[in-house]
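Undergrad: Read off the chains here:
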Amino acid sequence: MQAEAQIKCRNLWKVFGANPKQFLKKHHGNPSAEALNEEGYIGAVQDVSFDVNQGEILIIMGLSGSGKSTLIRCITRLNDPTAGEMEYEGRDLLKLSDRELIDIRRHKMGMVFQNFGLLPHRDVLENVAFPLEVQGVPKADRVERAKQMIELVGLGGRESYFPRELSGGQQQRVGIARSLAVEPDIWFLDEPFSALDPLIRAEMQDEFIRLQTMLKKTIVFITHDFEEATKLADRIGIMKDGRMVQMDTPEQIVLNPADDYVAEFAKNAPHERIVSVRAIMGPVAADAVGSVESTAKIGSCAEQVLTGEHPVAVVDPATHEVVGSIDRHRIATSIFGRRAA
Amino acid sequence: MTEVMAHRPSEGLSLARLPGWVHFALIMVAGVLLSLVWEGATRWPEAWVIPAEPWLTGYIEWLKNDATIFGVEFKEITRGIGAALKAPVKWAEYLLYRGFKGIGLGPLPWVAVAAGVIIFAHWVGDWKLVALCVFSMIYLAVFNVWKDSMKTMTIVIVAVPMAALLGVVLGIWVTRSRIAERIFTPMFDLMQAIPHMAYLAPVAALFAFGPVTALIATVIFAMPPMARCTILGLQTVSSDVLEAGQMSGCTKRQALWKVALPSSKRTLMLGLNQVVMQTLAMVVIASIAGATGLGHKLLYSLQQLRLGVAIEQGIAITLIAIVLDRLTQAYAYKETDHFAAEKSWVQRHKHMLTFLVILVVSYIAAEFYRWVNIPPSKFTYMVDGEKVTLFDAKQLARTIDAALREFNTWAYPYINPIRDWTTINVLIPTRDFFLWLPWPVFVGVIALAALRLGGLGVMLLCIALAMSFIVTGFWEQAMKTTYVVLIAATISVLIGVPLGVLAANPVLLMPPILMLIGIIEIYQIVAWLLVPLTVPDIVIFSTTIDIAVFATIAVLAVLFLALSPRLREVIFIVFAIKQIVDVIFWILSLLITLISSIGGGDVSGFSAALMSGLPSAAWIVTALLLLRGVGDGLFQGSPLVNLAQFFQSVTRVILSTCDTLQTFPSFIYLIPAIMLFKIGDFANIFAIIPYAMVPAIRYTYLGLKRIPPVTVEAAIANGTTPMQRLWKVELPVALPEIMLGLNQTILFALAMTAITALIGSTDLGQEVVRSISTQNFGRGILAGLFIAALGIIADRLIGSWAAERKRQLGVA
Numbered sequence: 001m002q003a004e005a006q007i008k009c010r011n012l013w014k015v016f017g018a019n020p021k022q023f024l025k026k027h028h029g030n031p032s033a034e035a036l037n038e039e040g041y042i043g044a045v046q047d048v049s050f051d052v053n054q055g056e057i058l059i060i061m062g063l064s065g066s067g068k069s070t071l072i073r074c075i076t077r078l079n080d081p082t083a084g085e086m087e088y089e090g091r092d093l094l095k096l097s098d099r100e101l102i103d104i105r106r107h108k109m110g111m112v113f114q115n116f117g118l119l120p121h122r123d124v125l126e127n128v129a130f131p132l133e134v135q136g137v138p139k140a141d142r143v144e145r146a147k148q149m150i151e152l153v154g155l156g157g158r159e160s161y162f163p164r165e166l167s168g169g170q171q172q173r174v175g176i177a178r179s180l181a182v183e184p185d186i187w188f189l190d191e192p193f194s195a196l197d198p199l200i201r202a203e204m205q206d207e208f209i210r211l212q213t214m215l216k217k218t219i220v221f222i223t224h225d226f227e228e229a230t231k232l233a234d235r236i237g238i239m240k241d242g243r244m245v246q247m248d249t250p251e252q253i254v255l256n257p258a259d260d261y262v263a264e265f266a267k268n269a270p271h272e273r274i275v276s277v278r279a280i281m282g283p284v285a286a287d288a289v290g291s292v293e294s295t296a297k298i299g300s301c302a303e304q305v306l307t308g309e310h311p312v313a314v315v316d317p318a319t320h321e322v323v324g325s326i327d328r329h330r331i332a333t334s335i336f337g338r339r340a341a
Numbered sequence: 001m002t003e004v005m006a007h008r009p010s011e012g013l014s015l016a017r018l019p020g021w022v023h024f025a026l027i028m029v030a031g032v033l034l035s036l037v038w039e040g041a042t043r044w045p046e047a048w049v050i051p052a053e054p055w056l057t058g059y060i061e062w063l064k065n066d067a068t069i070f071g072v073e074f075k076e077i078t079r080g081i082g083a084a085l086k087a088p089v090k091w092a093e094y095l096l097y098r099g100f101k102g103i104g105l106g107p108l109p110w111v112a113v114a115a116g117v118i119i120f121a122h123w124v125g126d127w128k129l130v131a132l133c134v135f136s137m138i139y140l141a142v143f144n145v146w147k148d149s150m151k152t153m154t155i156v157i158v159a160v161p162m163a164a165l166l167g168v169v170l171g172i173w174v175t176r177s178r179i180a181e182r183i184f185t186p187m188f189d190l191m192q193a194i195p196h197m198a199y200l201a202p203v204a205a206l207f208a209f210g211p212v213t214a215l216i217a218t219v220i221f222a223m224p225p226m227a228r229c230t231i232l233g234l235q236t237v238s239s240d241v242l243e244a245g246q247m248s249g250c251t252k253r254q255a256l257w258k259v260a261l262p263s264s265k266r267t268l269m270l271g272l273n274q275v276v277m278q279t280l281a282m283v284v285i286a287s288i289a290g291a292t293g294l295g296h297k298l299l300y301s302l303q304q305l306r307l308g309v310a311i312e313q314g315i316a317i318t319l320i321a322i323v324l325d326r327l328t329q330a331y332a333y334k335e336t337d338h339f340a341a342e343k344s345w346v347q348r349h350k351h352m353l354t355f356l357v358i359l360v361v362s363y364i365a366a367e368f369y370r371w372v373n374i375p376p377s378k379f380t381y382m383v384d385g386e387k388v389t390l391f392d393a394k395q396l397a398r399t400i401d402a403a404l405r406e407f408n409t410w411a412y413p414y415i416n417p418i419r420d421w422t423t424i425n426v427l428i429p430t431r432d433f434f435l436w437l438p439w440p441v442f443v444g445v446i447a448l449a450a451l452r453l454g455g456l457g458v459m460l461l462c463i464a465l466a467m468s469f470i471v472t473g474f475w476e477q478a479m480k481t482t483y484v485v486l487i488a489a490t491i492s493v494l495i496g497v498p499l500g501v502l503a504a505n506p507v508l509l510m511p512p513i514l515m516l517i518g519i520i521e522i523y524q525i526v527a528w529l530l531v532p533l534t535v536p537d538i539v540i541f542s543t544t545i546d547i548a549v550f551a552t553i554a555v556l557a558v559l560f561l562a563l564s565p566r567l568r569e570v571i572f573i574v575f576a577i578k579q580i581v582d583v584i585f586w587i588l589s590l591l592i593t594l595i596s597s598i599g600g601g602d603v604s605g606f607s608a609a610l611m612s613g614l615p616s617a618a619w620i621v622t623a624l625l626l627l628r629g630v631g632d633g634l635f636q637g638s639p640l641v642n643l644a645q646f647f648q649s650v651t652r653v654i655l656s657t658c659d660t661l662q663t664f665p666s667f668i669y670l671i672p673a674i675m676l677f678k679i680g681d682f683a684n685i686f687a688i689i690p691y692a693m694v695p696a697i698r699y700t701y702l703g704l705k706r707i708p709p710v711t712v713e714a715a716i717a718n719g720t721t722p723m724q725r726l727w728k729v730e731l732p733v734a735l736p737e738i739m740l741g742l743n744q745t746i747l748f749a750l751a752m753t754a755i756t757a758l759i760g761s762t763d764l765g766q767e768v769v770r771s772i773s774t775q776n777f778g779r780g781i782l783a784g785l786f787i788a789a790l791g792i793i794a795d796r797l798i799g800s801w802a803a804e805r806k807r808q809l810g811v812a
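If you read the protein sequences in the order shown, they are chains E and L. Sequential numbering from 1 applies to the first sequence in the numbering used here. Sequential numbering from 1 applies to the second sequence in the numbering used here.
FYI, nobody ran anything at the bench for these hints, they're computed from the structure. Don't be surprised by glycine CBs; every beta carbon is placed ideally from N, CA and C. Certain hints may be false.
Unchecked claim - Residues from chain E shown here face chain L by an in silico Cβ test under 7 Å; the list is partial:
#	residue
1	L78
2	N79
3	A83
4	R106
5	K108
6	F113
7	H121
8	V134
9	G136
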């Protein structure tokens, strides 16, 4: 994906403590874990650099306390980073005036929260219309727009319900509708499905995929659930103790984990849904029967390959050239092999 | 007070550092020895007294007469404020009881006001609330207190919006600004410790007597709860909601007005409710600084010992308080109507429209019928051309007076000996002890306790506070306050804590109830046998039944603990039915005597009837609860009483009684005290107890309820009996919370001493009250501050202990 970067983050630090700026200065902007510990500071985000590309779903993954929520709050400037640089479409996010920041939030950014963050005193319609209301959009327009959004997330008919009268899944649909009401360019989701039951969570993930195929937003998505990350992500960034350990496509993370920590996550990941044929194919085979596209996930062609006697040719979907072959052995090793290990 | 503070708290804490008592003993001995060789230790030497009082009085005089701020004379400023505040008060007066003379429009007809209240009740609440309002409005109308109620409400309706607004603004400011937080948080704490009455002195000093003074004092007094609730509300909005607001692109102002404040609506409404209740309590008391209305009339009636009228007025105040409390609470919890948009405009505004129609109609009707405008003072009808009085509040008051006089004469031999014995053998010796106490002992014990419990800072604060009234020559009054508060708080805790335990743990109720039944029954029979009364036949009949039932119950009560649950239930049923029959008979006999005496007849049977049933009356509540239990038992297919239901009802009744007691303006508690015991410290303590008892009950209940369930479950799993669980697990864990209840009890009792001063005392409270009539404001302000000082000493000592103990228990 060669899209240009919509958000650039360079050497971001967020340190909590008595006087974090001075502390960072004292350690020349790069304190060690020992220094943090000794002086009673918490390095929630430590020296993190990455880009968010136009139109991609970037998932930040990590266990609780790994700094992922703080990171997203730095980018949205709900918490100001202690040090580092951030750009949004070429503009320095940290140098924005209050007015400009409010403007960006009103028109460019949308955010969904783990515990929904719905306003308890407003009904569904008023909640969804809220971001438009604070911008000063005329009532008729914002009601119409809000109704479209409510329809979009499948809550039509519940406009006059209050948050407390909705289930968790429905509340989060309201949160999603609200964050989309202003047609943001970039969409932040902070563990949007973590507070939901597993069944509802799967349903909401599908809903999310459905929305994204329609909307094609740039998305920064936070989760602690690796499976959720692999299901939804174009790229995954894995955080540990405030540092970004690895940022790559799900396939690369599964196949080439940067360290043991990442490998531990990757171990139980469903390879058949993550790894593509291209990654495990062998050389072009003369006795190949049939063909699969090189970008297909191995799960999608496993039946075809495993049930056939002969290897299957792998074809590049762009050039229609045969670039390799895949046989039963490779598929079986890829899906089951690592479990034996 | 020293004992409560120093010893009680340290019991749990200081076992590890045992020789603590030695320190206390040393201080006491040293202090006493010092007083033997130096008279100044008993009485602060006259020559050393800091003349704070004349200074303060002089300062106020200077402020009033000569001070200027930026070239503007201070008295001009106060006059300006006074004039500015007079306008809204005037308008409220026109509206409620004076009428708009200029345009020839009368005040709101009472029919319209009553209808307005009832319609509002219907809008926000259920039929129970409506019934309460209907009853209260009729009461206010027929008992001849309408106009005075409206006078009281004048200040309430002006003060509530002002106090609420001021509270919200200050609350917002405190959450916004570090400096405001530093200034106002301790100020709100201090303001809570100062008794109502003390607010009147400084305000009365700067503004002339009258409604404006009452208004200002009321607003200042009623504002802190609103500010506290605003702060609490804003601080507890969930961060997700705030961030969602920010990400929606709210400006700071939008984030406050559209997100944070509306999200904390419930807490804010709670604050409003408190503002309303505090306002009413203050307005009633402000009568001594020139506010007219019910409080004024009640104070007057009490001082004239016209108890019949006082009771009528007291009930009126109480009803207003309950109505205001329930209405604001119902409004706070009112659900928003989702389907409002689907209804027509008329449907959505039907309450408002109904009210407007009634308003217009009643204004027109008031032109023709006087009773629409002002409620009639008595109700008469004509029989054969002769006027017959159906109901007359004044007549009834006189009848009640006569009945009470008769009752007092009758009860004199029973009540007075108790009062006198207690006064002579308990109250006076305690008072004399505190007056004898050399001040170094008092200060030393407090200082040592403070040092051990809270450290050096607390110690210095407590010493400073204790010395403040010693060096200014208020020692004697302060000790009198201390002794009254100590005794009242002790009794309040002795009653309140067991009640709280019962509310939290009603199962424990069974054995004591049975015991009490036995005692009551014995009392009734003994009374019947030994005191030859001229009782109506119906009472004799009920007492005869008593004997039969008692025989059964007495036998069963002895066996009670050994009985099967089924049999226990049978006993409860027998008791329930008996109690219900008893109460019915009692009410009947009271009614018969009262009704027969209303036409001016004699009331001689009244007190006998009253007394014979009084023990049963005390158990009206029990009877009703049991009835409910039996009823539920029947409905659920079990023929027997449903004990679980019964116990739940006990909890509810205790707690809702607490709530109701707290809504009464503290003034009300004077009525029964004066009725039974005339004046004196005994009556004062009697008036303080029901008011100060409430926090003891509440905190005990909450403390026990907040124990983590797993702790209790573990105790059950270890095989404890309910009693063992209470003594060995629940009470120790809940003790810090209970001690905080004691703390509140002391603060409540202190506040109440300023109220009991109205019926006579010689303590700090009296100084506050007297300063207002004698215009010696410096003295009043100081006395008020010293009451607060005593409160803060208690608060810091107990608070430090509880905080430390909670930390040790890991429940902080």
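Undergrad: All hints, please: hold or fail.
TA: Do the hints match the structure? See the list:
Hint status for L78 (chain E) relative to chain L: holds, with the closest Cβ pair at about 5 Å, below 7 Å. Checking N79 (chain E) against chain L by beta carbon gives a least distance of about 10 Å; that is not within 7 Å, so the hint is violated. Interface restraint check for A83 (chain E): the shortest CB-CB distance to chain L comes to about 22 Å, outside 7 Å, so the restraint is violated. Checking R106 (chain E) against chain L by beta carbon gives a least distance of about 3 Å; that is within 7 Å, so the hint holds.
Restraint check, K108 (chain E) versus chain L: the minimum CB separation of about 10 Å is more than 7 Å; hint violated. With a cut of 7 Å, the hint placing F113 (chain E) at the interface with chain L holds, because the nearest CB-to-CB distance is about 4 Å. Hint on H121 (chain E) holds. Least Cβ distance to chain L is approximately 4 Å, under the 7 Å limit. Below 7 Å, beta-carbon pairs count as interface contacts, and V134 (chain E) has one with chain L at about 5 Å; its hint therefore holds.
Given the 7 Å rule on beta carbons, the hint for G136 (chain E) is violated: about 10 Å separates it from the nearest Cβ of chain L.
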